[in-house]
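FYI, the numbering used here numbers position 103 of the sequence shown as 109, with every residue one higher than the one before it.
Just to be clear, a hint being listed does not mean it is correct.
What the hints assert, rightly or not - Using 27 Å as the maximum straight-line C-alpha spacing, the simulated DSSO-like pairs for lysine-lysine come out as follows:
| id | residue 1 | residue 2 |
| --- | --- | --- |
| 1 | K178 | K31 |
| 2 | K208 | K240 |
| 3 | K31 | K77 |
| 4 | K167 | K77 |
| 5 | K128 | K161 |
Since the hints were made in silico from the structure, they are not lab data.
Remember, predicted model here, so these are calculated numbers, not experimental data.
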Amino acid sequence: MEIITQNDYFIVKRMAPGVFAAIAKPGTGAWSNAGFVDLGTELLVFDAFNTPVAAEELRKQAEKLTGKKVKYLVNSHYHGDHVFGNQVFEDLPIISTELTREWIKDKNVIGDVDVEFEETQKYLDNLILQIESEQDEIIKQSLSNQYLEMQVLLKQIPSMKLTLPSITFENKLVISGTERHVELYCFGGGHSPSDTFLYVPKEKAAFMGDIVTDNLHLPIFHPEEFLTTLQSTKTKEIDVLLPGHGDIGSNEKVKTMIDYVTMLKEAARGAIAAEVESEDFVSSFVIPEEFKEWKGMQGIKRNLRTVYDFYAKDVEKTRTQSI
Numbered sequence: 007m008e009i010i011t012q013n014d015y016f017i018v019k020r021m022a023p024g025v026f027a028a029i030a031k032p033g034t035g036a037w038s039n040a041g042f043v044d045l046g047t048e049l050l051v052f053d054a055f056n057t058p059v060a061a062e063e064l065r066k067q068a069e070k071l072t073g074k075k076v077k078y079l080v081n082s083h084y085h086g087d088h089v090f091g092n093q094v095f096e097d098l099p100i101i102s103t104e105l106t107r108e109w110i111k112d113k114n115v116i117g118d119v120d121v122e123f124e125e126t127q128k129y130l131d132n133l134i135l136q137i138e139s140e141q142d143e144i145i146k147q148s149l150s151n152q153y154l155e156m157q158v159l160l161k162q163i164p165s166m167k168l169t170l171p172s173i174t175f176e177n178k179l180v181i182s183g184t185e186r187h188v189e190l191y192c193f194g195g196g197h198s199p200s201d202t203f204l205y206v207p208k209e210k211a212a213f214m215g216d217i218v219t220d221n222l223h224l225p226i227f228h229p230e231e232f233l234t235t236l237q238s239t240k241t242k243e244i245d246v247l248l249p250g251h252g253d254i255g256s257n258e259k260v261k262t263m264i265d266y267v268t269m270l271k272e273a274a275r276g277a278i279a280a281e282v283e284s285e286d287f288v289s290s291f292v293i294p295e296e297f298k299e300w301k302g303m304q305g306i307k308r309n310l311r312t313v314y315d316f317y318a319k320d321v322e323k324t325r326t327q328s329i
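Using the sequences and the accompanying hints, generate a full structural model.
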């Protein structure tokens, strides 16, 4: 893909006519990917990075490159690395699902600045200890990147404020411009309680949020909804997509995510059927070769527990109903 420009926080690539990816540079304060679409006379931005300083650069570059003003911001889900830059767009309509808005409000509360600063510093101090003691180079690299991202966030805390979406939708929202329109879809949760992706039909391009990531063990919230969401995206004709983390790719990345979640599901259900306890399942799990080099290796342990607990409850519910 053609690189248009880059700065301290992200690289801008043209995915298709009028569709641009802002790919986060590791450890700079962006942390996740964002994107923007030229609707014709105005712009729509998708996600707002992890810090206001990165979001400011995003808005500036989008308007500079296109000569048009940002009209809308979309939040894919509630996680801070996608919404902590919202305040840069507080003068605009900010769009999300109703559930995402509720979770942003409940989970991303910015309390007393001194307390937030102190707690974040403690978190950073603990990360340093983990980095120093970690022997696995893949895990060490992931922890180091997390440390750098949180360092930037720490400096931003005094100026940060919670900025909520002002427009909400349920399953689908279409925004039309003079040149192209975008379609926002939410088929439920998966990575978070409510995950939105953006589709540009004219260019067959999509911004996936964290429904799709590139070789990264991101958290799973609900494995069955995750698989439903991933399968539903395949009903769209997508030639090029931007994952929430990683580089631009094709619809093949969706298949990889389906394979990953399915692998975890089958492993957990097999362990439950064999009456293997949760912690024994996690500690004895052997990562398949195709996922061994994925970043965020600690995340697979979290995902194994989440998926195991989900299907264990499902089995227990079935047993209770049969009594």
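| field | Agreement of K208 and K240 with the hint, judged by alpha carbon distance not exceeding 27 Å | value | holds (16 Å)
| Regarding the pair K178 and K31, is the alpha-carbon distance no greater than 27 Å? | violated (31 Å)
| task | Starting from K128, check that the Cα of K161 is at most 27 Å away, please. | result | Given pair K128, K161 holds - Cα atoms ~14 Å apart, limit 27 Å.
| query | Between K31 and K77, is the straight-line Cα distance small enough, at 27 Å or below? | reply | The hint holds at about 25 Å.
| Holds or violated: K167 to K77, with C-alpha atoms at most 27 Å apart | Answer holds: K167 to K77 is near 21 Å, not above 27 Å.
In summary, the structure is inconsistent with hint 1 from the numbered list given earlier, while agreeing with all the others.
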